[in-house]
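Please put together the full structure from these sequences, using the hints given.
So the protein sequences, as listed, match chains Z and S.
For the first sequence, this note's numbering assigns the number 1 to the initial residue and increments by one for each residue that follows.
For the second sequence, this note's numbering assigns the number 1 to the initial residue and increments by one for each residue that follows.
The hints are simulated quantities; they were obtained by calculation from the structure and are not laboratory data.
Think of the CB as a built atom: it goes at the ideal place given N, C-alpha and C, for glycine as much as any other residue.
Please note that the accuracy of each hint is not assured.
Said to hold, decoys possible - Taking lysine-lysine and the DSSO-like style, the derived pairs with C-alpha atoms no more than 27 Å apart in a straight line are:
| no. | chain 1 | residue 1 | chain 2 | residue 2 |
| --- | --- | --- | --- | --- |
| 1 | Z | 88 | S | 179 |
| 2 | S | 121 | S | 198 |
| 3 | S | 183 | S | 107 |
| 4 | Z | 88 | S | 177 |
| 5 | Z | 198 | Z | 88 |
| 6 | S | 107 | S | 179 |
| 7 | S | 183 | S | 198 |
| 8 | S | 107 | S | 121 |
| 9 | S | 183 | Z | 88 |
Unchecked claim - Okay, the calculated bits of chain S under chain Z, using three or more residues with CB under 8 Å as the criterion:
| no. | stretch |
| --- | --- |
| 10 | 163-171 |
| 11 | 179-185 |
What the hints assert, rightly or not - Here are a few chain S residues that sit away from chain Z, every Cβ distance over 12 Å (derived from the structure):
| no. | residue |
| --- | --- |
| 12 | 36 |
| 13 | 40 |
| 14 | 66 |
| 15 | 74 |
| 16 | 86 |
| 17 | 87 |
| 18 | 103 |
| 19 | 107 |
| 20 | 109 |
| 21 | 114 |
| 22 | 124 |
| 23 | 130 |
| 24 | 233 |
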Amino acid sequence: MDPAPTADPAPPDAFVDIDDVSLVYGRGTSRTVALHHASIAVPRGGFAAVVGPSGCGKSSLMKLVTGLMPPTRGTIRVDGATVTGPLKIAGMAFQNPTLLPWRSTLDNIMLPLEIVEPHASRLRRNRAEYVGRAEALLASVGLDGFGNRNPWQLSGGMQQRASLCRSLIHEPDLLMLDEPFAALDAFTREELWGVLQKVWMERRFTVVLVTHDLREAVYLADRIYVMSARPGRIVAARDVPFARPRSLEDTFAPEFVDIVHELRDHISRERAAA
Amino acid sequence: MSDMIDDLPTEEETRSRFGRAALENASPVIIAIVTLIVWEIACRVFDVPRFVLPTPSMIFASLVKWHAVIATHAAQTLYTTLIGFAFAVVAGLVIGIAVGTSRLLYKALYPILIAFNSVPKVAIVPVLVIWFGIGTIPAAITAFLLAFFPIVVNVAAGLATVEPELEDVLRSLGASKRKILMKVGLPRSMPYFFASLKVAITLALVGSVISETIASNAGIGYLMLNASSRFDVPLVFAGLFVVAALGVAIYALFATVETRFTGWATRAQTARLEGTGGG
Ligand SMILES: Nc1ncnc2c1ncn2[C@@H]1O[C@H](COP(=O)(O)OP(=O)(O)OP(=O)(O)O)[C@@H](O)[C@H]1O
Ligand SMILES: [Mg+2]
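Right under this line is the structure:
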C-alpha cells in the first residue's frame, strides 16, 4: 500500500485527472459535503476501480468526471481538457440497466449511435454496417440472437449485458461503470467480469469502475482507490500487478486474496472511523 | 418421459390455466342485463308511476319511437364532443410538455391550472353564452375545458418518470435536452398520455351535455331538457342511455388505441407481474 496516498502526483499522461476535488450538495441544514480534496489520476487505457463505504461519494465522483455537474472546488481534466459540461464521449452503465421498454434490445443498444457524431449523421445510410456491429457486440456478451427481443423479455442478467453493450457501441474512449454487476447473481457477475476484461483488452479504452465487490475490483483493475467515509477522500491507492488476462482461478491465489484482505481492512477502518 | 420440450404448450395456452377469461369479459354485460331485469320487475311490482321512474321497456320503446330525432341530436353531441376533445389533445400535449420539461413553467403555470380546474365548468357556460351565443361553440368549449386538464397532468407526470440515470447516460453522450425529450421523454410519457385520453374523451362528453342542457337548441342534453319540460320521462331516460352508450363506445375506442400504441407498457407490466421478465 502506498504510504502517502494523498501525495499521488498526476502523471503527465493522465487521461482522467481528478485534481483535489470537493463537492457540496445543498445548503443550510441540508448541506452535505460529499467529497473533500479527492484526487485520482487514470492513465489513458488504464482500468481504475474505486471502492469505499456506502454514501462516501462514489456515484457523485462519476457524475463529476462525466461533467454532469460541476465540482465545488478543484478541477477535473479528461484527455487534457478541463471538464466544463457533459463530456459527449463517455459510455456509462449503472446497477440498473435502464433499457427503454418500447425499443427492441438491438435498438436499445444502438441508441448512442443516434446521438454521438459522426455516427448520428452516418447511421441512416450505413445502417446495415452498424447493425452488424451491434450484433457482434451482442454476441461477444453472450446475447447473440436476442437483438429483436424486447428488454422485458430478457432476464436481469441479460438486461445488464445489453446495458453494457449500449455503453460500448459508440467505442467511447472513456467508460464509467457504477456498480454495473451489483444486482446480479455470483455466476453471472463473474462471467461478465471476463466479458468486460476481454472487451477492454481488445479496445483499451479508459475505465473507471465503482464497486462494492473487492474481488471484482482486484480482478478487473490496474489500480484501486479506497475512499474514506463521507466526506469522501482517497485514503489509499493500490496497484494490482497481476498479468492479463486474469482468470477466475487467479482470484483464489494467495497474492490475490492478500490484496482483497488489505482493501477490506482499509474499508473497515474507514467505516469504524465514520 | 413423453413430455418433450417442443410439445409444451405456448404461453397463451398456459395462461388460460388460470382461467376465468370468458367470465371476466362477459361480466359487465351480465351485470347490465341483471340490473335492467330487476329494475323492470321492481317498477311493475311496486307500480311506480312512469313520470317518476319509467321501466326499461318503456325507455326502449321511446328509443325506438324517437330514434331518428335521437340520432340527429346524438350526432350533434358527438360533434361538439370531438371538436372540444381535439383541441384539448393539442393544448394538453403542448402545456403538458411545457410544464413537464421546464421547472420555471411548472412553477408559473401549475397553480393557475389547479385554480382553473377547480372552477365548476357549469358556472362558465353562461359566460360563454354571452360571448358566443347558444349552440355549438359553448358546448365545444365546455368539452375542451373539462378534457384538457387530465391530459396536461398525465403528460407532465409521464415526463417526470424518466429515470435520472438514463438521462445521465444520454447527457454524457452529448444529447441535447430536445433530443432526450424526443428519444426518451415523449415515448416514456405516451402510456400516460393515452391513458388520459380515455378519461378526457368521457369528460368532453360530459362537458358537451352540460352545456347543451343549459344553452343550446341541439344535442342530447337539449333533447333531455326539452323532454323533461314535457314530462316525457321515458325520453329523458332514453337520452341518458344514449349518453352512457356513447361514453362506453368512445372509451372502448380509445382503450383500443391505447393498447395498440403503448402495448409495451402493459406487456412489460404483466411480464413482470407473472415473473416471465427480468428484474
Ligand atoms: N442529489 C443530491 N442531493 C443531495 N445530496 C446528495 C445527492 N446525491 C448524493 N447526495 C449525498 O452525497 C453523498 C454521496 O452520495 P453518492 O451517491 O455519491 O454515494 P455513493 O458512494 O455512490 O454511495 P453508494 O455506495 O451507496 O452508492 C451521500 O451522503 C448522499 O446523501
Ligand atoms: Mg452510488
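Here's how the hints hold up against the structure:
1. Among the hinted pairs, residue 88/Z with residue 179/S is consistent with the structure: their alpha-carbon atoms are about 13 Å apart, no more than 27 Å.
2. For the proposed pair residue 121/S and residue 198/S, the alpha carbon gap of about 20 Å is at most 27 Å, so the pair holds.
3. A hinted pair counts as satisfied when its Cα atoms are at most 27 Å apart, and residue 183/S with residue 107/S qualifies at roughly 25 Å.
4. A distance of roughly 13 Å separates the Cα atoms of residue 88/Z and residue 177/S; the hinted pair therefore holds under the 27 Å criterion.
5. Among the hinted pairs, residue 198/Z with residue 88/Z is consistent with the structure: their alpha-carbon atoms are about 25 Å apart, no more than 27 Å.
6. Of the supplied pair hints, the one linking residue 107/S and residue 179/S holds, its CA atoms being roughly 23 Å apart against a limit of 27 Å.
7. For the hint pairing residue 183/S with residue 198/S, the CA-to-CA distance comes to about 25 Å; that is within 27 Å, so the pair holds.
8. The hinted pair formed by residue 107/S and residue 121/S meets the criterion: a straight-line CA distance of about 24 Å does not exceed 27 Å.
9. Restraint check for residue 183/S and residue 88/Z: satisfied, since their Cα atoms lie roughly 16 Å apart, inside the 27 Å limit.
10. Only residues whose C-beta sits within less than 8 Å of a C-beta in chain Z count toward coverage, and the stretch 163-171 of chain S has 7 of them, enough to reach three; the restraint holds.
11. Coverage of the stretch 179-185 of chain S by chain Z holds in this model, with 3 residues showing a Cβ closer than 8 Å to a Cβ of that chain against a need of three.
12. With a closest Cβ-Cβ approach of about 42 Å to chain Z, residue 36/S is found to remain outside the 12 Å limit, as its non-interface label requires.
13. Chain Z leaves residue 40/S outside its interface by the beta-carbon criterion, the shortest separation being 48 Å against a cut-off of 12 Å.
14. Every CB of chain Z lies more than 12 Å from the CB of residue 66/S, the least distance being 47 Å, so the non-interface label holds.
15. Every Cβ of chain Z is farther than 12 Å from the Cβ of residue 74/S; the closest lies at roughly 37 Å, confirming the non-interface assignment.
16. Its beta-carbon lying about 25 Å from the closest one in chain Z, residue 86/S satisfies the requirement of being farther than 12 Å from that chain.
17. In this structure residue 87/S is separated from chain Z by more than 12 Å, as the shortest Cβ-Cβ distance comes to about 27 Å.
18. Residue-level check passed: residue 103/S sits 16 Å from the nearest beta carbon of chain Z, beyond 12 Å.
19. Under the 12 Å C-beta cut-off, the non-interface status given to residue 107/S relative to chain Z holds; the minimum distance is some 19 Å.
20. Here residue 109/S stays apart from chain Z, with its beta-carbon at least about 27 Å from theirs, past the 12 Å limit.
21. With a closest Cβ-Cβ approach of about 27 Å to chain Z, residue 114/S is found to remain outside the 12 Å limit, as its non-interface label requires.
22. For residue 124/S, the shortest C-beta to C-beta distance to chain Z comes to about 38 Å, beyond the 12 Å cut-off, and the non-interface label holds.
23. Against the 12 Å criterion, residue 130/S stays outside the reach of chain Z, whose nearest CB is about 47 Å from its own CB.
24. No beta-carbon of chain Z is positioned within 12 Å of the beta-carbon of residue 233/S; the least distance is around 51 Å.
Violated hints: none; the structure is consistent with every hint.
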